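Chemist: For reference, the chains in residue letters:
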Amino acid sequence: MIDRYDWPGGHEALWRFGPDTGPVVLLLLPPFEEANRTRTFAVGLLRALADRDVAGMLPDLPGQGESPLATDTVTLADWRVAVTALVDATDRPVVTATIRAGALFDTDAAVAGRWHLAPQSGDRLVRELTRIAGGIDRDAPVVEIAGNRIAATMIVDLATATPSADHPSRIVRLGTDPDHADLRIDAAPLWRRAEPGDDPALAALLADDLAAWSRACVGW
Amino acid sequence: MVQTGSASIEETVRAVLRDVLGLSDERVAAFDDATPLFGALPELDSMAVAGVLTEIEDRLGILIEDDDIDGDTLETFGSLVAFANAKAPA
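Heads up: the sequence lines are chains A and B, in that order.
Counted from 1, the first sequence has number 110 at position 110 by my numbering; the numbering is strictly sequential.
Counted from 1, the second sequence has number 68 at position 68 by my numbering; the numbering is strictly sequential.
One should not assume that every hint holds.
Residues from chain A that face chain B, not an exhaustive set, calculated with beta carbons under 10 Å [to be verified]:
no., residue
1, ASP137
2, ALA140
3, ASP179
4, ALA194
Worth flagging that the hints you see were computed from the coordinates, not collected in a lab.
The structure displayed is predicted, hence computed values, not measured ones.
C-beta atoms are modelled at their ideal positions from N, C-alpha and C, and glycine is treated no differently.
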């Protein structure tokens, strides 16, 4: 079901999945190009969660997806405020499920738990954006990177952003990723794929883990 | 643990090309040192090059300075593997 949510800067689209009771998994996509590469997979994951009787929400963040705001007008703080507002407006326990740099956006939200798939720190994201752009002019107010116009302030804020260190949290990584993980799964990184792909088998595996973990977080 | 040694680095580079460019196992298994990459694979555009380099960094736990990359680095599969080998700790 397509809904919308309000945040102090306006309102944005929200896709809802699954039952009307129990915990809700709030899925946060990575920003910019990786959002395009992971959206189909994320929707498949939320549908698989709904099949396991766990509800889900997929919001457009301000300046992303179908947002009425231009990408270069939003800040990292806007994304965090929007996530916090959505969690506060949800009268059920919320568990965030983040993909890649989506892990940077739920830091201020009062959630029952955080589940991170291949979390990416802000400095790694900025390093990657810089490489894609072939260098970033730090004096320009807006930089264009692979079709995304991004405010310089966003780049500066992202460069020092890290995921929340609060517990409970669970980190899932791919088998090829040597960083710390609570669970490791062998699969290809969809967020790297030049042409957006999908991996329903991975979505099913992750839905099992995420459903069990979400229930454990809220005792449901 | 990150595996080290030139054989595993070659396999890591092969797997990165498969995953980033969406190539089949069979196709990348046939890559040898002389297989041309940049300019020969339509999937390998400048954005995909960035993805390949970043993914090699992440999987091998190395840092690649963009200044180290020149036109020859991605010319062939062999040149890319040699580059990764030179960057990886012995």
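Chemist: Which numbered hints are broken by the structure, listed smallest first?
Modeler: Violated hints: 1, 2; rest satisfied.
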